[in-house]
Amino acid sequence: MPALASQPAGAIAEAMLAYKAGERSPTVMDRIARGFTEAEIRAIAAWVAAPR
Amino acid sequence: MRRRALLGTALLAAPALAQAAPRVVVIGGGFGGATAARALHRLGFAVTLVERNATYLSCPFSNAVIAGLREMEAQRFGYEGLRREGIAVEQQEARAIEDRRVVLADGGALPFDRLVMAPGISLRPDAIPGLDTEAMPHAWRAGPQTLLLRRQLEAMEDGGLVVLSAPANPYRCPPGPYERASLIAHYLKARKPRSKLILLDEKDAFSKQKLFEEAWAALYPGLLEWVPLSSGGKVVEVDAAARVVRTEFGEHQAAVASIIPPQAAGRIAQAAGLTDRSGWCPVDPVSFESRQRPGIHLIGDAIIAGAMPKSAFAANAQARVCAEAVAALLRGEAPAPPKLINTCYSLVEPGYGISIAGVYRPANGLLADVPGAGGVSPLGAPAATRAAEAGYAEDWFRTITADAFG
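First to last, the sequence lines map onto chains D and A. The numbering used here numbers the first residue of the first sequence as 1 and each following residue consecutively. The numbering used here numbers the first residue of the second sequence as 53 and each following residue consecutively.
Hints listed in this document are in silico derivations from the structure and should not be mistaken for laboratory results. C-beta atoms are modelled at their ideal positions from N, C-alpha and C, and glycine is treated no differently. It is possible that part of the hints are untrue.
As the list claims (entries may be wrong) - A few chain D residues that face chain A, going by a derived Cβ cut-off under 10 Å, partial list only: (1) R34; (2) F36; (3) E38.
To be verified - Here are the simulated SDA-like pairs of lysine to any residue, each with C-alpha atoms no more than 20 Å apart in a straight line: (4) K391(A) with S25(D); (5) K391(A) with M29(D); (6) K391(A) with A3(D); (7) K391(A) with R34(D); (8) K391(A) with E38(D); (9) K391(A) with L431(A); (10) K241(A) with E265(A); (11) K244(A) with L156(A); (12) K391(A) with A39(D); (13) K391(A) with A46(D); (14) K262(A) with L431(A).
Work out the full structure: start from the sequences and follow the hints.
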């Protein structure tokens with residue numbers, strides 16, 4: 001499984017938005033993604049993808 | 053009290069500091085405190101962590117130690133990682149919290165601009181008449197009690213009755229008693245198949261209930277019996293020497309008993325005047341600042357967190373939010389309202405995991421569920437789903453312990 005931090009922000013955001021929409025096979029992430037707005041998801045993705 | 057709290061963060065903005073980096077002290081080196089110390093250090097503060105023990109023993113996965121599925125050393129984490137990063141670790145007890153300074157057991161004092169406390173829980177075995185925790189271990193803090201309960205189970209003859217109890221809400225790790233019952237049942241089924249387990253519950257409903265009951269019906273029929281409050285689940289008294297557990301409805305002769313007593317915030321929080329009549333600590337849900345003593349923030353199992361459960365995951369999430377809030381307040385800014393996540397995995401047997409997740413935000417002075425989010429694993433899911441979640445549980449443990457302890 002590729003490390004999340006190596007993914008571009010756009011890909012992370014699209015994956016979380018797909019979980020939120022119920023379009024990816026459910027794990028725990030679908031339940032969590034539903035708690036965030038699209039803007040929040042894009043902010044989270046940018047933070048995760050940012051070099052640290 | 054609520055009105056006072058709403059004023060809290062606004063009025064308590066930054067002490068006018070000189071140029072020196074603000075000093076932040078963290079008390080308690082569990083999942084919450086260790087995470088907070090690291091997060092505050094990364095934000096540029098001079099951080100001292102006060103923790104009385106040389107190492108930390110994790111409660112998550114300690115039910116597996118009780119059931120012989122895991123060794124205690126896999127639960128142990130040290131503070132070398134924090135020290136390496138430049139966090140000062142004071143290995144001693146904090147004795148008192150005075151105005152802007154922590155007094156230590158050796159008589160020294162640590163001045164602070166802001167204090168973060170993660171004092172965990174205290175147990176109240178005195179609330180159950182007759183209870184002797186050596187004869188009937190609670191094992192609700194990982195350590196000698198965990199190993200004591202394991203040895204008692206190992207020494208028990210086949211055919212014995214194991215009696216467990218679950219307290220009323222709120223308490224540390226809401227699904228914990230049910231995971232414990234599951235894993236001990238797994239041990240009995242494999243090693244002592246003529247034995248039985250009764251779980252006496254001071255509640256009529258519990259976390260992940262349908263998922264646990266589905267698993268128990270499939271895995272432990274006739275072996276594991278759950279007794280809710282309304283059927284006599286409340287333990288009113290024990291005879292520890294005779295291993296008798298009495299409820300409102302009758303008594304049980306146990307071969308091994310694990311009685312989990314009611315709980316309250318860690319003792320130092322009580323001594324410092326941070327608890328209310330409930331025994332837990334009221335905090336502002338944005339800044340995690342105490343509603344009773346300004347300048348002191350509280351996180352983890354000790355706090356009144358509304359819908360957010362007392363879990364290692366929750367403590368870790370609160371620690372990160374609290375660190376950002378402390379930084380904002382020390383800059384003289386208002387902390388941003390957070391959203392927090394919790395996920396708790398439970399094992400019902402090796403390779404069979406179930407979970408509950410939630411997303412939380414401040415509302416009406418507490419943390420409330422974000423509507424539409426969260427929930428539990430699906431009922432009736434295939435074995436592959438359960439196996440995947442058991443794997444996620446182990447991944448989570450590796451991730452959170454690395455995040456807290458480095």
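Any hints from earlier that this structure breaks? Give me their numbers in increasing order, please. 3, 4, 6, 9 and 11
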